[in-house]
Every structure is written in C-alpha cells, then in structure tokens.
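Enquirer: Read off the chains here:
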Amino acid sequence: MRVLLDLVTIIAVAAGALFIMAGTVGLLRFPDSLSRLHALTKADNLGLGLIVLGLLPQSQSLSAMLKLVAIWLLAQLAGATVTQLVARAIRRDGQPV
Amino acid sequence: MIAAHVFDAALAVLVLGVAIWTVTAGPAFAAVIGFVAYGLLLALVWVRIAAVDVALTEAAVGSGVTGALLISAAARLRPTEQRAAAEQPGPALRFAAAALAVLVAAGLAALVLFPAEPAPTLAPAAAAHLQALDVGNPVTAVLLAYRSLDTLLEKVVLLLALMGVWSLAPDRFWGGAPKLWPGGQRGGELTLLARLLPPIGIVIGVYILWVGAVAPGGAFQSGAILAAMWLLVMIAGLQKAPEIGQWRLRLILVAGPAVFLAVGLAGFALPNGFLSYPEEYAKPLIIAVEVVLTLSIAAILGLLVAGPPESERQR
Amino acid sequence: MTAATLFGLCGAALVGLGLFGTIVHPQPLRKILAFNVLGSGVFLLFGVIARRGAAAAMGGDPVPQAMVITGIVVAFSATALAIALLLRLSSISGSATLSTDTSARPDGSGGGR
Amino acid sequence: MAEFLTAAAAFVLAMVALGLVRILRGPANADRMMAAQLLGSGGIAALLLLAVGTETPAAVDAALTLALLAAFAAVAFASSVPRSGAGERDATDR
Chain C
2 MRVLLDLVTI IAVAAGALFI MAGTVGLLRF PDSLSRLHAL TKADNLGLGL IVLGLLPQSQ
62 SLSAMLKLVA IWLLAQLAGA TVTQLVARAI RRDGQPV
Chain B
54 MIAAHVFDAA LAVLVLGVAI WTVTAGPAFA AVIGFVAYGL LLALVWVRIA AVDVALTEAA
114 VGSGVTGALL ISAAARLRPT EQRAAAEQPG PALRFAAAAL AVLVAAGLAA LVLFPAEPAP
174 TLAPAAAAHL QALDVGNPVT AVLLAYRSLD TLLEKVVLLL ALMGVWSLAP DRFWGGAPKL
234 WPGGQRGGEL TLLARLLPPI GIVIGVYILW VGAVAPGGAF QSGAILAAMW LLVMIAGLQK
294 APEIGQWRLR LILVAGPAVF LAVGLAGFAL PNGFLSYPEE YAKPLIIAVE VVLTLSIAAI
354 LGLLVAGPPE SERQR
Chain W
812 MTAATLFGLC GAALVGLGLF GTIVHPQPLR KILAFNVLGS GVFLLFGVIA RRGAAAAMGG
872 DPVPQAMVIT GIVVAFSATA LAIALLLRLS SISGSATLST DTSARPDGSG GGR
Chain X
48 MAEFLTAAAA FVLAMVALGL VRILRGPANA DRMMAAQLLG SGGIAALLLL AVGTETPAAV
108 DAALTLALLA AFAAVAFASS VPRSGAGERD ATDR
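Residue numbers (our numbering), protein chains in the order written: chain C, 2 to 98; chain B, 54 to 368; chain W, 812 to 924; chain X, 48 to 141.
Take the hints with a grain of salt, since some may be wrong.
[Stated by the list, open to error] Covered stretches of chain C, as calculated for chain X (at least 3 residues, CB under 8 Å):
hint	segment
1	16-26
2	36-42
3	50-56
4	74-83
Simulated from the structure, these hints should not be mistaken for laboratory data. Glycine residues also receive a C-beta, built at the ideal position from the N, C-alpha and C atoms.
All chains, please: the whole structure from these sequences, using the hints.
Expert: Right under this line is the structure:
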C-alpha cells in the first residue's frame with residue numbers, strides 16, 4: 002500500500018513538474034504578451050494541481066489534505082482573476098509587438 | 054541531502070539575481086515587480102533556515118501590503134520618473150559607493166564565515182519561560198512575554214508612522230477619507246474577487262492567529278492578511294475608505310497597544326513587575342492581547358497603504 | 812557549506828547591494844527599494860545568527876527571529892511613510908527628485924541631499 | 048521520497064527562474080505582472096514540496112498565505128495604473 006501511494010506521488014509530482022516546465026518553455030518561446038499569458042496559466046492550473054494531487058497521499062491527516070486542496074483552489078481563483086486583469090490591460094493599451 | 058544543497062544553491066543565486074535586478078533595472082515599475090518577486094523568494098529562504106514564523110510574515114507582508122503600496126506608488130510617480138532618473142551621480146561617487154558597499158559586504162561575510170564560538174543563543178532562556186506560559190510556539194512566547202516590551206514599542210512605532218502619513222494631508226482634508234487610486238480599472242472580475250476572497254481570507258487570518266499559539270503564526274501575520282483583505286474590498290470600490298476623523302476608527306487603532314499596556318501595567322499590581330503575566334492566566338491573557346493587537350495591526354497596515362486623506366470631511 | 816553559511820553570505824551581499832543602490836540611485840522610489848533590499852539583508856543575517864543558535868530542541872534561537880518579525884513590520888511602516896512623503900513632494904512640486912536645484916542636472920554633479 | 052520531493056522543489060525553482068528572466072524584461076508592464084503570478088504559483092509549489100520533503104509542515108501555512116494573496120499584486124497593478132499606462136512600453140527600456 003505504502004509503495005503504491007509513493008508511486009502515485011512520484012508520477013503526479015513528476016507530471017506537475019513537467020507542466021511547469023511546459024509553462025516556462027512557453028514563456029521563453031511565445032512571441033507576444035497574450036500568448037505568454039496563455040502559457041503561464043498552464044503552469045498554474047495543471048502544474049500546481051498535479052503537485053498538490055501528488056502530495057495528498059503523503060498527508061498525515063484529513064485536515065492537512067483539505068488544506069492542500071484549499072491552496073490549489075485559492076491559486077485557481079487568483080490565477081483566473083489575474084489572467085483577466087492582465088489580459089484586459091494588454092487589450093486596452095494595444096498589443097505591444 | 055544533495056537535493057537540499059542544490060535547492061539552497063539555486064535559491065541563493067535566484068535571490069541575488071532578483072535583488073540585482075531590483076537595484077539596477079531601468080524603469081521603476083520593473084524594479085518594483087522585482088522587489089515583490091524578491092519578497093516571495095525570501096519567504097522560501099526563511100523556511101530553509103528554520104524560521105517558518107518569519108517566512109509567514111514575509112509572505113503575508115511582502116506579497117500583500119508592500120506589493121500594493123509600491124506598485125501604486127510606481128504608477129503614480131511614473132510622470133516624474135524620467136526627469137528624476139536624469140540626475141545620475143558622477144563616476145567618482147559611483148565608484149566610492151561601490152567601494153563602500155564591497156567593504157561592508159566583505160566585513161559582514163567575514164563575520165558569517167568566522168563566527169563567534171560557541172554560537173551565542175538565548176534559546177534556553179526563552180525555553181525556560183515556555184513551560185510557565187503554556188504557549189507552544191517559542192516565537193510567539195518571545196514576542197508577547199519574554200521580549201514583550203519590544204513588541205509594545207513596535208506598535209507605538211506603527212502608530213507614529215500612521216500619524217506621520219496622515220500629517221501629510223493638506224489642512225482642508227484633515228479628518229477626511231483617503232482615496233484608493235481613482236482612475237484605474239474597476240468592475241467585473243475585480244468585484245467578483247473582492248466578494249469571494251475576503252470571507253476566505255478572514256477565516257485564514259483567524260486560523261493563522263489561532264495556530265500561532267502552538268505553531269508558526271500569530272498576530273503580525275494574521276494582521277497583515279486581514280489588512281490585505283480590507284484593502285481588496287476598498288480597492289474594488291465595494292466599501293469606501295473610512296474617514297480618519299472617526300473616533301471609532303481611532304479606538305480600533307489604539308486598542309491593541311492600549312490593552313497591551315494595560316495588561317503590562319497590571320503586572321505591577323498582581324505578579325512581579327511591568328509586562329509580566331500571572332501564571333495561571335498567562336495563556337488566556339496572551340491570546341486576548343493578541344486578538345486585539347491583530348485588529349489594530351490590520352487597521353494600521355491597511356491605512357498606511359491607503360495613504361493620507363484626500364477628500365474633505367463630511368458633516 | 813551549510814545552508815546557514817550560504818544564506819549568511821547571501822545576506823552580506825544583499826546588504827552591500829542595497830547600500831550601493833541607496834547611495835547612487837537618483838530616484839527616491841528606487842532609493843526606498845534599495846534600502847529595503849539592504850534591510851532584508853540585515854534580517855537575513857539575523858536569521859543566520861538565529862539558526863546557529865539552535866538549542867533547547869528548537870530549530871533556531873527564537874529571540875532574533877521575533878526581532879526580525881517586528882523588524883519586517885516596522886520596515887513596512889517606514890516604507891509607507893517614505894512613500895507618502897514622496898507622493899506629497901511630487902504633488903506639490905510636480906517632480907520627485909531630492910535635488911535642491913529645480914532643474915535636473917544631467918552633468919552628474921549631484922544634488923543636495 | 049524526501050529526496051525526490053526536495054529535488055522536485057529545486058526543479059520547479061529552476062523553471063521559475065528561467066521564466067522570470069524572460070518576463071521581467073518586459074517589454075510591457077503587463078508582462079512584468081506575469082512575473083509576480085509565475086513566482087506566486089511556483090513559490091507555492093516549491094513550498095508545498097519542501098514542507099513534505101524536509102518535514103516542516105508549517106511551511107504549508109506559508110503556502111496558504113501566498114495562495115490567498117497571489118492575486119493581490121495584480122489587483123493593485125490593474126487598479127492603480129491610470130488609463131493607457133498598463134500595457135505601454137517603457138521609453139527607458141534597454
């Protein structure tokens with residue numbers, strides 16, 4: 002059982018790290034602000050989400066698990082809001098090339 | 054253990070890199086964003102050197118009120134930026150400053166590399182008080198019992214800073230309300246966030262305060278979180294900033310230091326001196342002081358960001 | 812090298828960096844930022860002293876840690892006061908410069924400060 | 048397991064550092080705002096991995112605080128920058 006849980010952790014955390022890497026590659030490669038914003042959200046949503054998922058089996062208690070999920074949900078809310086605010090700022094002032 | 058070393062090395066390089074960016078970046082806004090990022094990284098450093106209480110404070114203050122204060126200031130000062138930046142100091146002054154900075158840094162580095170042996174510590178002295186206080190978090194115990202005088206004076210400093218900010222208002226605005234950044238973007242997602250987040254933030258603030266008795270957390274961190282939530286509501290325009298002439302507001306501002314001082318003075322009469330707690334009531338008294346302190350800290354930090362009053366007093 | 816030594820050296824470098832920025836930057840806002848970098852370097856050195864003083868089953872000496880916590884909050888309040896002064900200066904004079912001369916001096920002879 | 052999680056934290060930090068280099072340079076202030084966002088989520092991930100990897104459970108509370116305040120800088124940015132200033136490029140940029 003222990004081994005199985007550890008395996009879940011390793012797979013999910015590695016996948017999360019991969020998505021964070023994908024986000025970074027997007028930031029480095031994409032030509033304009035809006036597409037960079039798009040790349041950034043991948044790291045937020047899936048990267049952090051998968052890492053949280055991977056850490057859940059390592060939690061000692063139910064409350065620790067709930068706290069991890071709460072962190073992910075809060076990060077989602079923040080990510081959604083920030084993306085909107087930044088995208089609006091970009092659109093309002095024209096796309097810098 | 055190797056992974057931890059790699060992490061530390063990467064973190065140190067990143068902290069220094071972002072600090073260099075903050076000091077050398079061209080536009081002021083870029084430097085401010087660098088500084089916000091720098092604060093976030095410092096929180097990671099504090100976790101690595103076993104000071105999670107400080108990490109929490111850095112996270113709460115650095116990514117909350119400090120970020121808001123600096124970003125709005127950079128936006129407001131933008132029109133003046135180029136002219137001020139033109140006054141570059143001459144090469145002689147730059148060289149002298151660089152030499153001085155290197156000298157100071159080298160001296161401090163020498164202190165780090167060749168420290169006093171054995172390392173001086175007050176941990177045993179602080180630990181001796183922990184049992185009597187029934188407070189599990191040593192940092193909270195130091196802040197509110199062992200070195201409580203520092204904490205009391207620090208509250209007074211916060212109040213003085215707020216009075217300094219208020220005193221910058223023109224005479225006709227005295228007693229009026231600060232304005233939080235008119236002219237910016239409003240509505241939509243900002244309103245949604247300002248409705249959704251504060252209830253959650255208040256719960257988390259109370260949690261951080263409560264857990265502070267036994268684990269990292271406490272009045273400062275909680276106060277900074279609550280201040281950020283209050284500011285969010287005011288920035289979104291859901292609630293106006295309060296008029297600084299209101300006596301109720303002023304009562305909240307001074308309540309923290311006043312209750313702390315009252316408990317401290319009571320120490321003369323009951324146990325054995327200023328700022329000492331009677332042993333059987335130590336924990337409830339500390340928690341009561343912390344609750345009031347949290348409210349005062351939240352109000353003071355929020356008003357410090359809001360700035361001096363910019364409208365005439367109603368009535 | 813232990814983590815404490817590494818971050819102690821990092822703190823020393825930050826103090827030097829912040830000091831340099833505080834002296835050479837002509838813009839007051841940048842001076843405030845650099846001063847905060849200096850301050851955080853000092854806090855970091857305190858943290859390293861705390862880490863070395865680990866005793867009595869604690870990860871670090873709680874006394875310097877508590878001082879850093881009050882220090883962070885005081886540094887914030889000082890920053891807020893400085894920024895309020897700066898904004899007032901710019902709203903009165905229309906410029907945010909510490910030079911006593913009203914015209915900017917690009918020749919680098921420095922302003923009165 | 049602890050070793051793996053700490054290594055993952057180091058990896059996340061390195062990725063964040065790379066991304067940071069790109070967006071701090073701008074050219075628009077909106078790009079720089081993304082830096083705060085990137086570091087917010089990356090920092091949370093690194094803190095959570097460290098909390099389990101190095102057995103400092105209280106670091107989760109620091110991550111919770113960061114997650115709560117993650118949007119705050121962007122809110123200050125969007126609401127304090129007057130019209131036509133947010134996406135504007137810097138004249139002083141190199």
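Enquirer: Compare the structure with each hint and give your call.
Expert: Here's how the hints hold up against the structure:
By the rule of at least three residues with a Cβ nearer than 8 Å to a Cβ of chain X, the coverage given for the segment 16-26 of chain C holds, with 6 such residues. Here the segment 36-42 of chain C counts 3 residues with a CB under 8 Å from a CB of chain X, which clears the bar of 3, and the coverage holds. By the rule of at least three residues with a Cβ nearer than 8 Å to a Cβ of chain X, the coverage given for the segment 50-56 of chain C holds, with 3 such residues. Coverage of the segment 74-83 of chain C by chain X holds. Counting CB-CB distances below 8 Å, 7 residues qualify, and the rule asks for three or more.
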